[in-house]
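Chemist: Now for the letters of each chain:
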Amino acid sequence: MTQRACKILVVDDEPDLQPLMRQRMRRYVRRGLYTFVFAQNGVEALEMLQEQQDIDLVLSDINMPKMDGLTLLQQIPKVDPDIRSVIISAYGDMKNIRTAMNRGAFDFVTKPIDFDDLKVTIDRTLRNLTEWREALASRDKLVALQNELDVASKMQQSILPTELPGTDEYKVAASMQPARAIGGDFFDFVHLDGGRIGIAVADVSDKGVPAALFMMSSRTLLKGAAIGGTGPGEVLYEVNNLLEEENESAMFVTVLYAEYNPATGELSYANGGHNAPVIFHEDGSSTVLPLTDGVALGLMPGLDYRQETVKLSPSDTLVLYTDGVTEAMNTDFEEFGLERLRRMFVESMPGDAETINDAIFKAVADFAGDAPQSDDITCLTLCRTTTDA
Amino acid sequence: MAISTSREGQTLIVKTEDRIDGANAREFQVDLEAAIDPNDRGLVLDLEQLSYVSSAGLRVILLTAKTLRKQNAKLAVCSLSDSVREVFEISGFDKIIPVHDNQAEAAAALAD
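Protein sequence lines correspond, in order, to chains C and V.
Here our numbering is used: position 287 in the first sequence is 287, and no number is missing along the way.
Here our numbering is used: position 93 in the second sequence is 93, and no number is missing along the way.
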């Protein structure tokens, strides 16, 4: 029950009721459970409801001059839909009682009033009102939380690059499909000197608002380190140390960061606990780039991140992805798996980054069927489109 | 994901099964925290029956290691299935959390 006394408006044209009510309910008034206010008829009652907005319950007679109780019932919700009404009716007057209930009365008592029964009825009504108000408060909180989630979701979407890099020498396609409103995956590009580009695909542990915030700082640190950095291994080394500094909640991010030189086809990469990239060749065969023994970022300071360099042949296609691709499950709890990804283009290799990237998303969706998507899915495809000079 | 626990001296042994993913990682965390006694010196997480662990699950394992460190206790995992082993290897977790082939080895390593 609420802390303050519940305010009850008694509406009756009988002058005797007011002293009787005060006398019989005096114990509860003294204990601070109830306070009473009185009105002579419906018109007066409505005026009081408008003036005193803290009235919780209306206890009203039916037959009164000016405005009767049944008409009053119809008017109360216009003042405040949360006010509860209890009707006082003549014993056996089922017709009016039914009308009152249909017009929204919460309960009724009959004349002559049994005050013990009235006390039970009032308490039951007030309990209902308290529960109703609590439910409303919970709903408001939920709406506020939902709004927060929407903000975080927009924030997350806004950090994904909308313009993808690409020249005559290479083409890029990339997409992220979140599992819930707020995911933990992201991808990013950085333009480096000499026409090179930095490419990152990352996956933050866990989902929701805290993960989104961790993702924002990961992405910012990564971008900064990439621009000023001296190669993928150094970049991950720096980001790992910075992330670890204030990471009480033990979040981590797996990152595949690569630097690509479109002129030579050289790709340097370092892997911080992330899935190994795949290179598809022109004939549809594929190579998985070996792991570089890097640990996910944010867990432990001072870790070294080894970098490797490979060379993309003309018409080679590099695919970076998150575990949302390989660990996508179907309804039989089978995983999509790396092997299924590798075999995707055995029959024919599309030459175009967007077609390849879309085909991977479609293959994962087809495989999962009706199984719900439990993790974000990110896939980034880079096609080398030049021949060696 | 249900856990079962047993004790050998001051080493707590926790077995879990099925899957740990984003949907039940919190529950796993609560269950694990409830199982740890302040007097425990080590925890062996036996993952033989665990078929899948997501990054959210890895995070709980890491949080548990941190909790244990505060009471001067250590964590080890053992008996990883192939798919869970792969997740440990890719994420690099096998380099920061000791992985053993079986319970006895893990318990012996913690007792050292």
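Calculated directly from the structure, the hints in this document are not laboratory data.
As the structure is a prediction and not an experimental result, all values here were calculated from the model.
One thing to keep in mind: the hints can contain errors.
Said to hold, decoys possible - Here are the simulated lysine to aspartate or glutamate pairs, EDC-like style, with alpha carbons at most 16 Å apart: (1) C:Lys-119 x C:Asp-107; (2) C:Lys-311 x C:Glu-266; (3) V:Lys-74 x V:Glu-27; (4) V:Lys-66 x C:Glu-246; (5) V:Lys-74 x V:Asp-37; (6) V:Lys-66 x C:Glu-248; (7) C:Lys-78 x C:Glu-51; (8) V:Lys-15 x V:Asp-112; (9) V:Lys-95 x C:Asp-304; (10) C:Lys-311 x C:Glu-282; (11) C:Lys-66 x C:Asp-82; (12) C:Lys-95 x C:Asp-82; (13) V:Lys-95 x C:Asp-293; (14) C:Lys-66 x C:Glu-14; (15) C:Lys-7 x C:Asp-82; (16) C:Lys-111 x C:Glu-14; (17) C:Lys-7 x C:Asp-123; (18) V:Lys-66 x C:Glu-244; (19) V:Lys-70 x C:Glu-248; (20) V:Lys-66 x V:Asp-101; (21) V:Lys-66 x C:Glu-245.
Chemist: Now look at each hint and say whether the structure bears it out.
Modeler: The hints, checked one at a time:
For a cut-off of 16 Å, the pair hint linking C:Lys-119 to C:Asp-107 stands: about 12 Å separates their Cα positions. Proximity of C:Lys-311 to C:Glu-266 is assessed by CA-CA distance (about 4 Å); at most 16 Å being required, the pair is judged to hold. Our distance criterion of 16 Å between C-alpha atoms is broken by V:Lys-74 and V:Glu-27, whose separation comes to about 22 Å. Restraint check: the Cα-Cα separation between V:Lys-66 and C:Glu-246 comes to about 14 Å, which is no more than 16 Å; the hinted pair holds.
Taking the CA atoms of V:Lys-74 and V:Asp-37, the gap is near 13 Å; set against the 16 Å cutoff, the hint holds. For the hint pairing V:Lys-66 with C:Glu-248, the CA-to-CA distance comes to about 9 Å; that is within 16 Å, so the pair holds. Taking the CA atoms of C:Lys-78 and C:Glu-51, the gap is about 14 Å. The hint holds against a cut of 16 Å. Taking the CA atoms of V:Lys-15 and V:Asp-112, the gap is about 22 Å. The hint is violated against a cut of 16 Å.
Pair hint V:Lys-95 plus C:Asp-304 holds up; C-alpha atoms about 12 Å apart against a cutoff of 16 Å. Annotation: proposed proximity of C:Lys-311 to C:Glu-282 holds, straight-line Cα distance about 14 Å (limit 16 Å). Using a Cα cut-off of 16 Å, the hinted pair C:Lys-66 and C:Asp-82 is violated, with the two alpha carbons roughly 24 Å apart. Distance check on the hinted pair: C:Lys-95 and C:Asp-82 sit about 25 Å apart at the alpha-carbon level, beyond 16 Å; violated.
At roughly 9 Å between alpha-carbon atoms, V:Lys-95 and C:Asp-293 fall within 16 Å of each other, so this suggested pair holds. Proximity of C:Lys-66 to C:Glu-14 is assessed by CA-CA distance (about 14 Å); at most 16 Å being required, the pair is judged to hold. As the CA atoms of C:Lys-7 and C:Asp-82 are separated by approximately 13 Å, the hinted pair is consistent with the 16 Å bound. A C-alpha spacing of about 12 Å is found between C:Lys-111 and C:Glu-14, which places the hinted pair at or below 16 Å, so the restraint holds.
For a cut-off of 16 Å, the pair hint linking C:Lys-7 to C:Asp-123 stands: about 12 Å separates their Cα positions. Of the supplied pair hints, the one linking V:Lys-66 and C:Glu-244 holds, its CA atoms being roughly 13 Å apart against a limit of 16 Å. For the hint linking V:Lys-70 to C:Glu-248, the alpha-carbon distance of about 13 Å falls within 16 Å, and the restraint holds. Under the criterion of a C-alpha separation no larger than 16 Å, the hint pairing V:Lys-66 with V:Asp-101 is inconsistent with the structure, at around 23 Å.
The hinted pair formed by V:Lys-66 and C:Glu-245 meets the criterion: a straight-line CA distance of about 15 Å does not exceed 16 Å.
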